[in-house]
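K.L.:
Listed below are the residues making up each chain.
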Amino acid sequence: MGIRTFTVDDVVTLLDATRWTLILAAIAFAGGGVIGSLVTLARVSRVPALRWLAGGYVEVLQGTPLLMQFFLWFFLLTLLLPVQLPATAVAAIALTLHASAFVVEIWRGSIEAIPRTQWEAAASLGMTRFEQLRYVIVPQAWRIAMAPTVGLLVVLIKGTSLAALIGFVELTRAGQLVSGVTFQPLTTFGTAALIYLALCLPLSILSRRLEGRMHVHRPA
Amino acid sequence: MPYVFQFGEVLRYWPSLVTGVAMTVGFALVAMALSLAVGVLGAIARRSRSRTVRGAVLTYVETIRNTPLLVQLFVLFFGLPSLGLRLDPMMAGLIGLVVYNGAFLTEIVGAGIKAVPRGQFEAGLSLGMSRRQVYQHVILVPALAKVYPALVSQFVLLMLATSVVSAIGVDELTSVAGQIQSDTFRSIEVYLVCIAIYLLLTLVLRAAALGAGAWLFPFRRATSHARV
Numbered sequence: 281m282g283i284r285t286f287t288v289d290d291v292v293t294l295l296d297a298t299r300w301t302l303i304l305a306a307i308a309f310a311g312g313g314v315i316g317s318l319v320t321l322a323r324v325s326r327v328p329a330l331r332w333l334a335g336g337y338v339e340v341l342q343g344t345p346l347l348m349q350f351f352l353w354f355f356l357l358t359l360l361l362p363v364q365l366p367a368t369a370v371a372a373i374a375l376t377l378h379a380s381a382f383v384v385e386i387w388r389g390s391i392e393a394i395p396r397t398q399w400e401a402a403a404s405l406g407m408t409r410f411e412q413l414r415y416v417i418v419p420q421a422w423r424i425a426m427a428p429t430v431g432l433l434v435v436l437i438k439g440t441s442l443a444a445l446i447g448f449v450e451l452t453r454a455g456q457l458v459s460g461v462t463f464q465p466l467t468t469f470g471t472a473a474l475i476y477l478a479l480c481l482p483l484s485i486l487s488r489r490l491e492g493r494m495h496v497h498r499p500a
Numbered sequence: 004m005p006y007v008f009q010f011g012e013v014l015r016y017w018p019s020l021v022t023g024v025a026m027t028v029g030f031a032l033v034a035m036a037l038s039l040a041v042g043v044l045g046a047i048a049r050r051s052r053s054r055t056v057r058g059a060v061l062t063y064v065e066t067i068r069n070t071p072l073l074v075q076l077f078v079l080f081f082g083l084p085s086l087g088l089r090l091d092p093m094m095a096g097l098i099g100l101v102v103y104n105g106a107f108l109t110e111i112v113g114a115g116i117k118a119v120p121r122g123q124f125e126a127g128l129s130l131g132m133s134r135r136q137v138y139q140h141v142i143l144v145p146a147l148a149k150v151y152p153a154l155v156s157q158f159v160l161l162m163l164a165t166s167v168v169s170a171i172g173v174d175e176l177t178s179v180a181g182q183i184q185s186d187t188f189r190s191i192e193v194y195l196v197c198i199a200i201y202l203l204l205t206l207v208l209r210a211a212a213l214g215a216g217a218w219l220f221p222f223r224r225a226t227s228h229a230r231v
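Order-wise, the sequence lines are chains H and X.
Counting in the numbering used here, the first sequence runs from 281 upward without gaps.
Counting in the numbering used here, the second sequence runs from 4 upward without gaps.
Calculated from the structure, these hints are not laboratory results.
These numbers come from a predicted model, not from an experiment.
Backbone N, C-alpha and C fix where the C-beta goes; we use that ideal spot for every residue, glycine too.
Among the clues, some could well be false.
Derived CB-CB ranges, DEER-like [unchecked claim]:
#, chain 1, residue 1, chain 2, residue 2, range
1, X, L86, H, A393, 47 to 57 angstroms
2, H, V292, X, T187, 52 to 62 angstroms
3, H, I303, X, L86, 29 to 39 angstroms
4, H, S325, X, A199, 48 to 58 angstroms
Turn these sequences into a full structure, and let the hints guide you.
P.N.:
Below, the structure written as C-alpha cells:
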C-alpha cells in the first residue's frame with residue numbers, strides 16, 4: 281500500500297474518532313462532577329483536617345501537568361493491577377480525577393461568593409450545616425457555578441487530546457494515524473483542529489453568555 | 004507479585020532531571036515574556052477602531068482557545084513543512100506555546116484594560132497624547148496590576164503546558180522522564196518523582212511571581228484595599 285491522498289473517507293475516520301473524544305469528555309465531566317462535589321463538601325467543612333486534605337487533593341491535581349497524570353495512571357494501573365486495563369479506562373480515570381479538582385475549585389469559589397449572612401440566617405432558622413448548604417447556599421451558588429462549569433467542558437474536550445499520547449484512539453490519535461498514511465499532516469491536523477473548534481466554540485460562547493447573565497443580578 | 008519501589012534507580016539520573024527542569028522553567032519564562040507582549044498588543048488591537056483588526060484578533064483568540072495545544076503543535080511541527088516552513092522542535096514548541104498562551108493573555112490583559120476607568124483615556128487624550136501614548140503611559144501599568152493574580156495563574160498553567168511540547172521532541176522534564184523510564188523501566192518511580200518536581204515548581208514559581216508582583220506594583224495592595 282503506497283501513499284494515498286486525503287479524502288472524504290479520512291474526514292469520516294476523524295469524525296468517527298470524535299465519538300471517543302466526546303465519550304471520554306462526558307465520562308470525565310459526569311465522574312468529575314460526582315467526585316468533585318463530594319470533595320467540595322470536605323473543602324468547605326468545619327473540620328480543618330478535611331479542608332487540608334481536600335485542598336491538597338486539588339493542589340496536586342491542578343499543580344501538575346495533565347499529561348504527566350496520564351502517564352502516571354497508565355503505568356500505575358498497568359503494573360499494579362492483575363488485569364491489563366484498556367487505554368480507554370486509564371484515560372477515563374485520569375481525566376475524571378483531573379476534572380474533579382476543577383469542579384472543587386468552581387464550587388468552592390461559587391460557595392464563597394455567597395454572603396456569610398446567608399449561612400447565618402439559615403443557621404438561625406435551626407438548619408444543620410448540611411441543610412444550610414443544601415437548601416440555602418447551593419441553590420444560589422449553582423447559578424454562579426454554571427458559566428465556569430460549561431467552561432470546564434471545553435477544558436475537558438481539549439484535554440482528551442492528551443490521551444492520544446498513551447495510545448487511546450480519539451480525534452488527535454486518529455489524526456496521527458491518518459496523517460501517517462496520507463502524508464498530509466497539514467490537512468489532517470487542520471481538519472482535526474476544525475472539529476475541535478466546532479465542538480468547543482459553541483460551549484465557550486454559551487459560557488460567556490451565562491457569565492454575562494450572572495453579572496446582571498450581581499449588585500454593583 | 005508485589006511491586007517493590009526503587010527510587011534510587013531514578014535519582015541516579017539527577018543530572019538529566021536538572022537539565023529537564025532547567026528546560027521546563029526556561030521555556031516557561033521565555034514563552035511567558037513573549038506571550039505577554041502578544042497579549043498586550045492583542046488586547047490593544049482588540050479595542051482598535053478598525054473592524055478588520057478587531058475581527059482578526061477575535062478569530063485568533065477563539066481559534067486558539069478552542070483547540071487543543073497538542074493539535075496546534077502538530078500543525079506547526081508536522082504540518083508547516085509541507086508549506087516549505089521547517090521548524091526544529093525547540094522553535095516549533097516555543098512558537099506554539101507563545102501563540103497558545105498569547106490568546107489567553109489577550110483576554111486577561113483585555114479585562115485589565117477594561118477595568119481602567121474610561122475617564123483616564125479621556126484625560127490622556129485631552130492632554131494631547133496619542134492613543135499609543137495613552138496606552139503606554141496611562142493605561143498599561145494599572146491594567147496589568149489589576150489582573151496580576153490572573154497573570155500569575157496563567158504563568159503556572161503555561162509552565163504545566165510545557166509538558167505537552169515533549170510530544171514533538173523537546174527535551175524538557177516530561178521528555179526526560181520518558182527517557183529515564185525507557186532506560187530503567189522504573190516507570191512508576193520516574194513519574195512519581197517528576198510529578199513531585201512539577202508540583203514543587205508550581206508552588207515555587209507561583210510564590211516567586213506573586214512576590215515579584217508586590218515589588219513591581221507596590222501600589223496594588225493599597226488600591227485593592229481602598230476598593231473593598
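K.L.:
Among all the numbered hints in the text so far, which are the ones the structure does not match?
P.N.:
As far as the earlier hints go, 2 and 4 are violated by this structure, in ascending order.
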